[in-house]
Structure formats: C-alpha cells, structure tokens
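Asker: Protein chains in written order, with the working numbering: chain A, 1120 to 1531; chain B, 69 to 215.
Source of the hints: derived by calculation from the structure; they are not laboratory data. Only a predicted model underlies this, so the values are computations on that prediction, with no experimental measurement involved. We treat Cβ as the ideally placed atom computed from N, Cα and C, and that holds for glycine. Be aware that one or more of the hints could be misleading.
Claimed, not checked - Examples of chain A residues toward chain B, derived with CB under 10 Å: (1) G1238; (2) T1452; (3) Q1478; (4) G1486.
Said to hold, decoys possible - In silico SDA-like links for lysine to any residue, alpha-carbon gap of 25 Å or less: (5) K1199(A) / I1165(A); (6) K94(B) / A1482(A); (7) K1528(A) / F88(B); (8) K103(B) / D1239(A).
Stated by the list, open to error - So these bits of chain A aren't anywhere near chain B, every CB distance computed over 10 Å: (9) D1471; (10) T1485; (11) K1527.
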Amino acid sequence: MQTITQDILDIEAIRREFPVLDQNINGRPLVYFDNAATTQKPSSVINALTRYYEGYNANIHRGIHHLAEKATSAFEATRKSLQRFLNAAHVEEIIFTYGTTDGINLVAQTYGRRFLGEGDEIIISAMEHHSNIVPWQMLCEEKGCVLKVIPVDDRGDLILEEYEKLLTERTRFVSVVYVSNALGTINPVKTIIDKAHAVGAKVLIDGAQASSHLDIDVQALDCDFFALSAHKLYGPTGMGALYGKQDILNVMPPFRGGGEMIKEVTFEKTTYNDLPYKFEAGTPNIADVIATQNALEFMETLGKENIAAHENVLLDYATDALTSIEGLRIIGTAKEKVSVVSFVIDGIHHQDTGVILDQQGIAVRTGHHCTQPLMRRFGLSGTTRASFAVYNTKDEIDRLVQGLHRVKKMML
Amino acid sequence: MSLTTINEKQDEVIEEFDLFDDQLDKTQYIIDLGKKLPPMPEQYREDENLIRGCQSKVWLHSEMQGDRVRFEADSEPTAQISKGLVSLLIRILSGEEPQAVANAELYFIDKIGLSNLVTSRRAGGLASMIQQMKQFATQHSDQKTNA
Chain A
1120 MQTITQDILD
1130 IEAIRREFPV
1140 LDQNINGRPL
1150 VYFDNAATTQ
1160 KPSSVINALT
1170 RYYEGYNANI
1180 HRGIHHLAEK
1190 ATSAFEATRK
1200 SLQRFLNAAH
1210 VEEIIFTYGT
1220 TDGINLVAQT
1230 YGRRFLGEGD
1240 EIIISAMEHH
1250 SNIVPWQMLC
1260 EEKGCVLKVI
1270 PVDDRGDLIL
1280 EEYEKLLTER
1290 TRFVSVVYVS
1300 NALGTINPVK
1310 TIIDKAHAVG
1320 AKVLIDGAQA
1330 SSHLDIDVQA
1340 LDCDFFALSA
1350 HKLYGPTGMG
1360 ALYGKQDILN
1370 VMPPFRGGGE
1380 MIKEVTFEKT
1390 TYNDLPYKFE
1400 AGTPNIADVI
1410 ATQNALEFME
1420 TLGKENIAAH
1430 ENVLLDYATD
1440 ALTSIEGLRI
1450 IGTAKEKVSV
1460 VSFVIDGIHH
1470 QDTGVILDQQ
1480 GIAVRTGHHC
1490 TQPLMRRFGL
1500 SGTTRASFAV
1510 YNTKDEIDRL
1520 VQGLHRVKKM
1530 ML
Chain B
69 MSLTTINEKQ
79 DEVIEEFDLF
89 DDQLDKTQYI
99 IDLGKKLPPM
109 PEQYREDENL
119 IRGCQSKVWL
129 HSEMQGDRVR
139 FEADSEPTAQ
149 ISKGLVSLLI
159 RILSGEEPQA
169 VANAELYFID
179 KIGLSNLVTS
189 RRAGGLASMI
199 QQMKQFATQH
209 SDQKTNA
C-alpha cells in the first residue's frame, strides 16, 4: 500500500460543496470529525434527491410510463457505477441493500443457512464491528457452527500466524473487516482471502470503512462477497450494496420474499427472478440509490488517490499533534491506517471529552464504536475517535488539539 | 409541602447557573459540584445499582429513611460530568417525600441549558438517573398508599 503525502486538492472549494459544514455549533464553527460514523453529503447528492422527488418519482421496473422509465434508468445507472467502483465483472453481481449490516445479514441468512452446518467453522477477527459478529453468532446458534476469532496485537494489527492456525478443513467461511472503524487499521485482506480459499472457504469483506478511503477491486482481491454502505462514502443513509460472485449468488436462496424477486407466483409454487432482483424484494430505496451515483461521481471527480493523499496528510498531522498532548495515548498504531485516530487521555472519561469538545463545536465519537470485544482486548470501556474526510483541514485539527487542552484544564 | 421544597431547590440551582453565560463555564461548575459529592459507602457500588444506559459507570443507592427518600451516588473516578449531574439530582430530590419525588417536574434541567443532555445518550444518562430515582420513589409512594 503506497502512502501518498502530497496534497493537490482545493479543499476550500470542496468544503463549499458541503452545506452542512457552514454553521456554528455552540457559537463556534463546526468541526466535523465523525466521518467514520457517517460522512457529510455534497450538494450534488442532496440535489439529486430533490430532483428525483420533484421531477420523476415513480416505482421502478414494471411501470410503462415515462416517469417509471426515467426512474428505472437512473436506478440501474447506479448499479453500473457501483460495478465500476468495485470493478465487479458483472453488473448483476451488485445487489442493493440498506447498508453493510444488511449485506452481511443477507449472506449469513442465505449462503450461511443453505451451505453451513453442524461443526463447520466461521472465522472473524477481534476487530470486527458488531454487525460482522452478531449475524454469524446467530447463524452458529441455529446451525451449530463454530465461531473462531483472529486475535489482534497491541498495535492493532491482526496476528496472521494465529489466523493460519485457525484455518482447518472445517473452515467454511471467513468474514473480516477491510479497515477497522475503531482503530483505522487496514487489514491485509488479499492475504486473508487467498489463505481462506486455499482451504476451500468463502470470504466476505466488510468494506464499510474501506470504501471511502481505498481503491476497491473485488476481482483483484478475489473476495466472494464485499459489503458497503453509501452513507460512509458521501452518499445517502439507508442505502448500501453487496457484491457477490455471480456463480455463488446464483446458487444462494433468496433472502426476503415479495415483489420484484419473483418470476412467477402461483399458490402452489413460486419461481424466483434472476440476479440481482432475486435479492431485492419490495420497492427499494429508489431515491437514495439514485443519489448514490452522485456520491460516486463526487469521489471519481476528485480521484480516490487524491482523496487518500489528503487524508494521509491529515492523519500524519493529527497523529503528531495529538501525541504531543501529555497523557494522551493513541489506540491503534498499525503501520497501514486510514484517517482514523482513536485515543484515550489519562484520568479523563471519553464521554466527558466528547461533551466538552462538542461544547466547543467539535464533533467526535466516543464509546466502544460497536466493537466491544476489541475495546475489551485493549482493556478499555471506550475511546474518543476523530476520523477525517476529504473536506477536513489542518486548521480543524489545531482546533481539536486546543479543544483537548481545554478538556484537560477543566478535568485535571 | 415537599414539592415546594423541591422547586425551591431547583430555583436555587437555576440562580447559581445564571451566573454563567458560556456552556463551558456551566460544565466546569457541574464538574466542581461533582467533586463535592460526599463519598458513597463501598458496599453500594454493586452492579444492581449501576445506572442503565450510561456510557460511564454511575452507581445510585436509594433507600427510605423514615418517610423520606435518601439517594447516594458515585461514578467511576474519571466520569466527572456524570458525577456532577447526579450530584445536582441528589441535591434536589434526596431527603424529600417519595410522592413529591415521583411527581417532581424537573424544570431546572431545561432552564440551565442541560436539556440536550437529557434527550441524548451522551452525557451520563441523565434521563436514566431521573428515571431510576423516580421509579424508586414511585414504588415507595405506592407502598404508602397501599398500607
């Protein structure tokens, strides 16, 4: 993974595309550092939503009128964009979901329930988000599978030697996060995938955090499934995608039953639609699917490598600046990281840190970040997390540092 | 009778917070109040006394002393805002009749600009603290009515 540290983007111009950033919170200009939870949306995305509802709101696929036709093409255009975004081989391999969690549940409940059984082993890692733990636990409970966990070292890297020891002929599925939401660690997923395939296991990559920071190529990775959320890549909430290899998706049973996922329904027997519609029952989230294309365009126009370069500048700057604060300890110091900095301060509860930063107009996230087992691994109840996106600046990081000095002054 | 006292104490708190314009100064005052909270006996720091829905650990011990409700609380040492918030509630509600605690309308929260801490989960689960105090008081006012 190369780290580019040269910044060529016009950040001030980019900031003007995000209306939400232009406001005061508690009398001070907003500093938004909660991007790992959700990124803000550019005007192009917001306008696309309005344009759809004002201009061509219609239910898709079966309508024969003009509006339905227009909505259907815009809807399907996003699928093509996502195919390009992920470099999937076929457009049918892109299934719209409500988000990463939904995608993981789809795989666990369809592939998992059909193909996994008693004693089969599923491997996850110790840095998974709850959304990549609980669906597998539910499956294990139902089918009698065994869940195994790749441990994490003190820096926040997966211990790959331990992963190799976990792989057996009973390993049927591996589901790991590409980038840790709590630590920022970029995992060596290509190696993980190859080793899983060597024992015949299928692999799902949780791409919720990775997709806005890294170039994704599902064919090069050779993953069997890849799940992402639009709202973490400058797109709308309640919209995500699941990539799956065509031959695997074809043999998976449907997830939910209803409209659009059928070929023919009689009371005696229903036959199912082809990919990807087999997995898209009911009227989908049309407006948000359509606006997602604008989010992808936003990133493509800037260039993902340029976005990454800017974020790496911010990560390095923040890491240096925060480390200089006495009593502050960064949790997650892996060599390969995205722009996420989790930290604790001696003698100060993360919750208090978050409240006092908020009172200074600085939005961060505090708590366990939906990774309770990981927090336990580090002996913590939670951390304060600052996560940066393309519109953030060094000045804002200076504000964070000043804000933290104020926290310390008040607390200690 | 006791309701009046609760409201008098709320008015007193509102007056004290009126001295501060800035939210940060108010928060500093809450932290300082927390530091003055009398220590809670160790035996009350048990799991069943933990306030639910709180990012930080806060223990609340409730008991009846005669016909009055008595509250004591403590937090994990680092959670100073939570401790300050619970100390405000104790100041206003502890030592009052259960009926009055159960029926108290805690308008001081809004007046001193803490309502955002009640509705969101972020700051010490103030809403949960109030709920647990009122629940205890309600149980004991019921018992009194039933007796």
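Asker: Could you run down the list of hints and mark each one as holding or not?
Answerer: Going down the list of hints, with the structure as the test:
no.: 1; hint: G1238; result: violated (36 Å)
no.: 2; hint: T1452; result: violated (22 Å)
no.: 3; hint: Q1478; result: holds (5 Å)
no.: 4; hint: G1486; result: holds (5 Å)
no.: 5; hint: K1199(A) / I1165(A); result: holds (21 Å)
no.: 6; hint: K94(B) / A1482(A); result: holds (19 Å)
no.: 7; hint: K1528(A) / F88(B); result: holds (18 Å)
no.: 8; hint: K103(B) / D1239(A); result: violated (54 Å)
no.: 9; hint: D1471; result: violated (5 Å)
no.: 10; hint: T1485; result: violated (7 Å)
no.: 11; hint: K1527; result: holds (12 Å)
Going down the numbered hints, you'll see the structure goes against 1, 2, 8, 9, 10, while the others check out.
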